[in-house]
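S.K.: Residues per chain, in single letters:
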Amino acid sequence: MSTHAKHLRGLTIATLVTLTAGLALTFFYAPIELNEGFVQKIFYVHVPLAIISLMGYVAGGVFGLMYLRTGKKVWDLRSYCAIHMSLIFSIGGLISGAIWAKAAWGHWWVWSEPTLVSYLIVVLLFCTYQPLRFSIEDPERQSTYAAVFAVVGGAFVPLNFIVVRLSVQYLHPRVLNLEGGQLPASMATAFYVMVAAIALLFVTLMKYEMLAKSTRMETRRLRRRVLGDDAVAPVSRSAAPV
Amino acid sequence: MSLIAAAGTDFLNLHQSVKFVAGAYIVVLAVIVVYLAIMAKRLITNQRELTELRRLVDEREAAEGLAGGVGFGLDTTAETSAQRAEEHERAAEAIRSEHQL
Numbered sequence: 047m048s049t050h051a052k053h054l055r056g057l058t059i060a061t062l063v064t065l066t067a068g069l070a071l072t073f074f075y076a077p078i079e080l081n082e083g084f085v086q087k088i089f090y091v092h093v094p095l096a097i098i099s100l101m102g103y104v105a106g107g108v109f110g111l112m113y114l115r116t117g118k119k120v121w122d123l124r125s126y127c128a129i130h131m132s133l134i135f136s137i138g139g140l141i142s143g144a145i146w147a148k149a150a151w152g153h154w155w156v157w158s159e160p161t162l163v164s165y166l167i168v169v170l171l172f173c174t175y176q177p178l179r180f181s182i183e184d185p186e187r188q189s190t191y192a193a194v195f196a197v198v199g200g201a202f203v204p205l206n207f208i209v210v211r212l213s214v215q216y217l218h219p220r221v222l223n224l225e226g227g228q229l230p231a232s233m234a235t236a237f238y239v240m241v242a243a244i245a246l247l248f249v250t251l252m253k254y255e256m257l258a259k260s261t262r263m264e265t266r267r268l269r270r271r272v273l274g275d276d277a278v279a280p281v282s283r284s285a286a287p288v
Numbered sequence: 553m554s555l556i557a558a559a560g561t562d563f564l565n566l567h568q569s570v571k572f573v574a575g576a577y578i579v580v581l582a583v584i585v586v587y588l589a590i591m592a593k594r595l596i597t598n599q600r601e602l603t604e605l606r607r608l609v610d611e612r613e614a615a616e617g618l619a620g621g622v623g624f625g626l627d628t629t630a631e632t633s634a635q636r637a638e639e640h641e642r643a644a645e646a647i648r649s650e651h652q653l
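In the order they appear, the protein sequences are chains A and B. Each residue of the first sequence is one higher than the last, beginning at 47 in our numbering. Each residue of the second sequence is one higher than the last, beginning at 553 in our numbering.
Just so you know, the hints here were simulated from the structure itself, not pulled from any lab data. Hints may contain errors.
Stated by the list, open to error - Heads up, simulated PhoX-like pairs for lysine-lysine below, C-alpha to C-alpha not over 25 Å straight-line:
#1 A:Lys259 / A:Lys119
#2 A:Lys148 / B:Lys571
#3 B:Lys593 / A:Lys259
#4 A:Lys148 / A:Lys259
Said to hold, decoys possible - For each label pair, taking beta carbons as the anchor points, the in silico distance ranges come out as:
#5 B:Asn565 / A:Val198: 38 to 48 Å
#6 B:Glu616 / A:Gln176: 42 to 52 Å
#7 A:Phe73 / B:Lys593: 31 to 41 Å
#8 A:Pro185 / B:Lys571: 43 to 53 Å
#9 A:Pro185 / B:Arg594: 12 to 22 Å
#10 B:Leu602 / A:His53: 19 to 29 Å
Note that CB positions come from ideal geometry on N, CA and C, so glycine has one too.
One chain only, chain A, in its complex shape:
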């Protein structure tokens, strides 16, 4: 059994249990916020998605760095999958955030809000990761250039986050700060369980994707061994590691 498949069943069950608990706490335990009302429930999914996606980009950078250091393909695969998953989570985070903004502010998007715009910049930056990979045919060069991009992009994420935090004027509600946040215990419990659930979902889906990709690679190798090199069509250009 590959390392990608190890503990996958347990991880899947843990994800489902945590996600169910998080949703139950969100809707049946956490109180309704006075100013925003029921709309504030969006925050329990939107904020964890945004946080975990940003952490995923940073993780992609760390994995890219590990690839550059060791040259092992598995780190390139991890970096690719982390960034891929982060992009998917970012889409969920952006759309749920836009829905919240429409309900709370009356606008789908506010360009004068630094948190929103900086997050969008990060997402757009990482949207170029896949085209960058796709544009490079040679797998070795593709992995190296993608790793460099992931490291630079990953380093940009915390920098971007700090710069926005330092800006004085903002509209975006602050959930976490150095004093432990602004949430009362009942809301904080639901929020942190949802963060854990989304983090587990991220890891589980990433592991599934890695398993699928490595299985695909193994199938190609098996095909080559059974049928010979000539019988297997050369790998077409792909953004994914081959």
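Dock chain B against chain A, hints included.
M.R.: Chain B alone, transformed into the frame defined by chain A:
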């Protein structure tokens, strides 16, 4: 941030709020479901390919058996079999070390 603990408080725009909240959660769910559907499609393709490979290997082994150990240009003398096994083991080891499998 001021809060109330009483669940079920009648907000003026509760009906509207439910629509927004449902919309947000449905969108997130839809994004994940679409991703899973794409993954499932790829998995099915891979499974088909593996089934085809299994069938080819079975056919090859059957033909080998019928030809008395010589089929498809495969020499199955003890020495060659050992060499082939060793070669396969080396290839498998190379794959394992490359991908840490």
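S.K.: Hint by hint, note whether the structure agrees.
M.R.: Now the hints, each set against the structure:
no.	hint	result
1	A:Lys259 / A:Lys119	holds (12 Å)
2	A:Lys148 / B:Lys571	holds (12 Å)
3	B:Lys593 / A:Lys259	holds (13 Å)
4	A:Lys148 / A:Lys259	violated (39 Å)
5	B:Asn565 / A:Val198: 38 to 48 Å	holds (44 Å)
6	B:Glu616 / A:Gln176: 42 to 52 Å	holds (45 Å)
7	A:Phe73 / B:Lys593: 31 to 41 Å	holds (32 Å)
8	A:Pro185 / B:Lys571: 43 to 53 Å	holds (48 Å)
9	A:Pro185 / B:Arg594: 12 to 22 Å	holds (19 Å)
10	B:Leu602 / A:His53: 19 to 29 Å	holds (23 Å)
Hint violations for this structure: number 4 only, all remaining hints satisfied.
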